[in-house]
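Chains as they are written, first to last, in my numbering: chain A, 1 to 328; chain B, 1 to 392; chain C, 1 to 482.
To be clear, the hints were calculated from the coordinates, so they are not data collected in a lab.
A quick note: this is a predicted structure, and the numbers were derived from the prediction, not measured.
Among the hints, a few may not be true.
Claimed, not checked - With a straight-line Cα cutoff of 20 Å, these simulated SDA-like cross-link-like pairs (lysine to any residue) come out:
#1 C:K196 <-> A:R324
#2 C:K146 <-> B:P356
#3 C:K340 <-> C:P324
#4 C:K26 <-> C:T71
#5 C:K437 <-> C:D284
#6 A:K24 <-> B:E388
#7 A:K34 <-> A:G50
#8 C:K196 <-> C:P389
#9 C:K146 <-> B:E379
#10 C:K196 <-> A:Y326
#11 C:K146 <-> B:E388
#12 C:K56 <-> B:Q80
#13 C:K196 <-> C:T223
#14 C:K361 <-> C:T381
#15 C:K439 <-> C:E458
#16 A:K109 <-> B:P356
#17 B:K147 <-> B:D172
#18 C:K26 <-> C:I64
#19 A:K24 <-> B:L171
#20 B:K323 <-> B:T53
#21 C:K196 <-> A:G327
#22 C:K146 <-> B:G389
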Amino acid sequence: MAETLTLGKALNIGLRRAMERDPKVILMGEDIGKLGGVFRITDGLQKDFGDPRVIDTPLAESGIIGTAVGLAIRGYRPVCEIQFDGFVYPAFDQIVSQVAKMHYRSQGKVRLPIVIRIPFGGGIGAVEHHSESPEAYFSHTAGLKVVACANPADAYTMIQQAIESDDPIVFFEPKRRYWEKGEVDTDAPLSDAYPLHASRVIREGQDATVLAYGPMVRTALDAATAAAEDGRSLEVVDLRTLSPLDLGPVFDSVRRTGRCVVVHEAPSNVGLGAEIVARITQECFYSLEAPVLRVTGFNTPYPAARVEEEFLPDLDRVLDAVDRTYGW
Amino acid sequence: MAKGEPSVATKRPEDKTARARASGDPPAEPEFVQLLTPDGDRVEHPDYAVDFTDEEYRGLYRDLVIVRKLDAEATALQRQGELGIWASLLGQEAAQVGSGRALREQDMAFPTYREHGVLYCRGIDPIMPLGLFRGVDQGGWDPNEFKFNMYTIVIGAQTLHATGYAMGVALDGKVGNGGPDSDSEAVIAYFGDGASAQGDVNEAFVWATVFNAPIVFFCQNNQYAISQPIERQTRVPLYQRAAGFGFPGIRVDGNDVLASYAVTRAALDDARHGQGPSLIEAYTYRMGAHTTSDDPTRYRIASEVDAWQAKDPIKRVRLYLEKQELADDGFFADVDAQAQREAVHLRERVLSMPNPDPAQMFDNVYAHGSPLLDSERAEFAEYVASFEGSAH
Amino acid sequence: MTGVARIEQFKLPDLGEGLTEGEILKWLVAVGDTVTLNQPIVEVETAKAAVEIPAKWAGKVTQIFHEEGTTVEVGAPIIAIDTQPDAGDVPDTSTPSAAALAAVEVAPAEGAVEPGLIGGPAPGGRTAVLVGYGPRTAAAKRRPRKGVPEPAAASAAPVEAPARVEPPARVEPPVPAPVEAEPVDNGRLGGGVLAKPPVRKLAKDLGVDLGTLTGSGPQGSITRDDVQAAASGTGPAPAAATAPTFGADREQRIPIKGVRKLMAENMVASAFTAPHVTMFLQVDVTRTVRAVDRLRGMRDWRDVRVSPLLIVAKAILTAIPRYPMVNSTWSGDSGEIVVKEYVNLGIAAATERGLIVPNIKDAGRLPLRELADAMNALVDTARSGRTAPADMSGGTFTITNVGVFGVDTGTPILPPGEAAILAFGAIRETPWVHKGKIKVRQVTTLGLSFDHRIIDGELGSRFLRDVAAFLADPEAALLSWG
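Pulled out of the complex, with its shape left as it was, chain A reads as follows:
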């Protein structure tokens, strides 16, 4: 049955399903129990599954991830919540030095099926450290997998798939989209769902390919709608999985359109866009009518709330980039 759910609610129900399926799944994070999470993503779960399975942790991010490692060694499947993107850094060492490496250094004997949920991105008018896009640091770390959902249907299935995976997964949630609604089939079996580590063409077009993930997918779709009025048809690809990247569909698209624009909130310097551009250029060199362009946040710390709309890529900046690809 298809329901209309917000992205936040879709995550909530997805977490519930995962916990129902496997008693080893436990949630841990600051304020996720009684409060149900500052974004209410875990609302009602402690009441139904009990305190030991939904843990309100001390205010210590490194502690959240470090103890999750121990719990995983013990056989549990911890789903950790980092309250805001800007607060993941105290846990950075545990994530990249321990979580990422243990499977490798144990030659496959240790599995850490940990999911680290992080609300990310800006556009909510927040104060400092609440609007970051740290996905590149984790995508750059071998041993971690990184995904980003963009709509309620994907949020619902991807969170469950991430929990089922035996690999450690950093799960980015677009916080500015938490309240946007979409159709979700909550009865469909998870085995029918679109694979976790796969990108998807979500709008077909001929004139240029626009790549986005997380909060920028909506922006890219809006840009395509506006472009259609100008007689230009844009193909939009939701990348969904940031590490590993699934660029096969992207290469197919660029070979058809010859033009590509990558959009992300994170700054351009050494961002995910740089990696994507490098690979597209290598694989699609003979098909390119123009260089692959990036539309990104600027290379500054995230600015004050009242100018953030100028900082973040928006529909106009995306279409400006598309126009520029026609200038070569």
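Using the hints provided, position chains B and C relative to the given structure of chain A.
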């Protein structure tokens, strides 16, 4: 403060040790639990005792000697270029054998990178960590198979892992199952004096106390973190830190295998019976260097080393055995011979460790694999095959 | 035991003031013997004396490297001592580690770090660090490769497949696929044309439609050469250059594609769009031939190739200003005739790849000498196949020298966009009426084709007569018309 009111503040700790060191005086003897003096005499303690058979006393001696011998062999191997590095436990044998022997079979240990003595006492083949130090692998084994976690090089990180594991033990209902033969489990987390300053260790204390985790934090205070003396890590005796977090702390003579055993045994039992965490500070000394390329002569004085030499953990046990006539020359010779054999056996196996196949670099990064790695692996294989002299 | 390795190899020292070698006279110990510090172990004869050498370490002798009677260089190991003979089995001293250890000096030079400590020498020629083997200095030399490696583009650069990395038990749902990529045909992956970005730009600049070309590059991509060949309006060497291979039916089938196809299209477009009219005029060019000879004899012209073609070119360039309509373009799209003041003079040139028509930009402004240089350069460049694309576009008037083929004249087809083209035939000795008498003169035929939409018969004739008059008497023409 008026009389009769509860104190609401603590005083600044006295800096006796630092001042004494600065003035050149030997540090004042600390207070700690001791059951066997450096001269090999038994002393009583009101709260702790051991009840060993003669065979068990001899067994402890054997363990201590073998552990030291294997450690020395590894040091020699490093000097000969067979190991890239070795972290010697010289001087810390009693703390490790004592606490290691206190663990029950079902207990789980989280070591640093120096607990070769604990590893030995868990019945694990001493060759296991040598791959890490030789550089042929990263010291990986299945923690659950051996009830002993992989060595952790990031200082203090393992204390959080241990705490999480202990939380899992409690979630599994394996705490407080009563009786001396219960199958309740406890967890021991090893770390050093230097680690006590790390954020992760302090977070582990917070979590352990808040969740009443069945864990013993075992700190081997060997007085140095590479070149930094203990005063650089704390202004109060380490065992007192626990009070600030709300659980008991105790200092034991880390060169006394009997006391180390007794205190650890009691703490583990408290943990497994649901009493929550405790901190044991094993007061000992790092007789060797931090690792094999370190030069301790640059930061400590010979007289300090000599003073600790007089408190050698193995000598006192030998003296005790001799004084109590629990062992004869034949026994000591037998122990030396066994230690020698085990050392040779270790050496042989180290020297025959095969170098890893470079293609294995790409394995086991993910449980579910990755297409990027698949293509990298294939490219690398092609590249390697393109050189003259390659097997392809 | 910092600094003393398990097995120490003793190297023959310099026994006296710069000696380079010594002879082993007599070993005083044998392998397996236990030695104490300073115990005499060997007698060595140098150029100066017989010398007894004491043991540098205590231990057990494990290896003696040189027999009695051997001459050994200073610095070579002569004996190995196990300094910990009670520590169990001795490791194989021929392993690299033991030999490398021998490289560690026991008595370091002043200021150097003790072996094994941070910054000091470590086995294997490394430098000791706190955390492992330490850095190694490698020689700056490449390892030899097998054969010639394929360029990265041509090798199997892995094509990324979608990352379906979930547990295999899961069944893939049917995903609504985007438009199916066209099968790879003619190098068009995914339905698009393949060409490197710089080649695309070249094509755009030259006005070449990539879609009409067949690529000769990797993966069927279109190359720079492909584009240039298409732009020059000629194709690869015509089939006539190679003997035809007939099939069993005695027919050979040559696909119409690429440059040939393009050229044909251009020709058809021109021939059937612009109504062509050709007018002929025979001219006595004896004076032109003599003028050429005179030029060749001049000192300043000694290094320059001069031919009658130069004079023909000058004749045309002199006449065009008086008949500007012959230097124009019929532009139906914009509904106008574009008359140009500048003359980009094209010279049809026969090359290995076929006929190309490079042009000299603004030739009307060139003095004769520069015109000659430009024409020679143009021909040389064309013959070597190096004509730049820019030189092959933008022509406004063309001369085609059919005389080199030995024919008298022809009815040339206008290059697209031009209004007139002159065919210059062979110069033959011909009986001619000259000053009322029959003389043998150098005679040629000029054939002028023109676009009858722009140029009518009268204009064409008058232009042609003026050109002929120039060739009949160049000196008079130059005097009269400059």
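Each hint, compared with the structure:
no.	hint	verdict
1	C:K196 <-> A:R324	holds, 19 Å
2	C:K146 <-> B:P356	violated, 24 Å
3	C:K340 <-> C:P324	holds, 7 Å
4	C:K26 <-> C:T71	holds, 12 Å
5	C:K437 <-> C:D284	holds, 14 Å
6	A:K24 <-> B:E388	violated, 53 Å
7	A:K34 <-> A:G50	holds, 10 Å
8	C:K196 <-> C:P389	holds, 17 Å
9	C:K146 <-> B:E379	holds, 16 Å
10	C:K196 <-> A:Y326	holds, 16 Å
11	C:K146 <-> B:E388	holds, 5 Å
12	C:K56 <-> B:Q80	holds, 18 Å
13	C:K196 <-> C:T223	holds, 8 Å
14	C:K361 <-> C:T381	holds, 15 Å
15	C:K439 <-> C:E458	violated, 31 Å
16	A:K109 <-> B:P356	holds, 17 Å
17	B:K147 <-> B:D172	holds, 16 Å
18	C:K26 <-> C:I64	holds, 12 Å
19	A:K24 <-> B:L171	holds, 10 Å
20	B:K323 <-> B:T53	holds, 16 Å
21	C:K196 <-> A:G327	holds, 17 Å
22	C:K146 <-> B:G389	holds, 8 Å
The structure is inconsistent with the numbered hints 2, 6, 15, although it conforms to all the rest.
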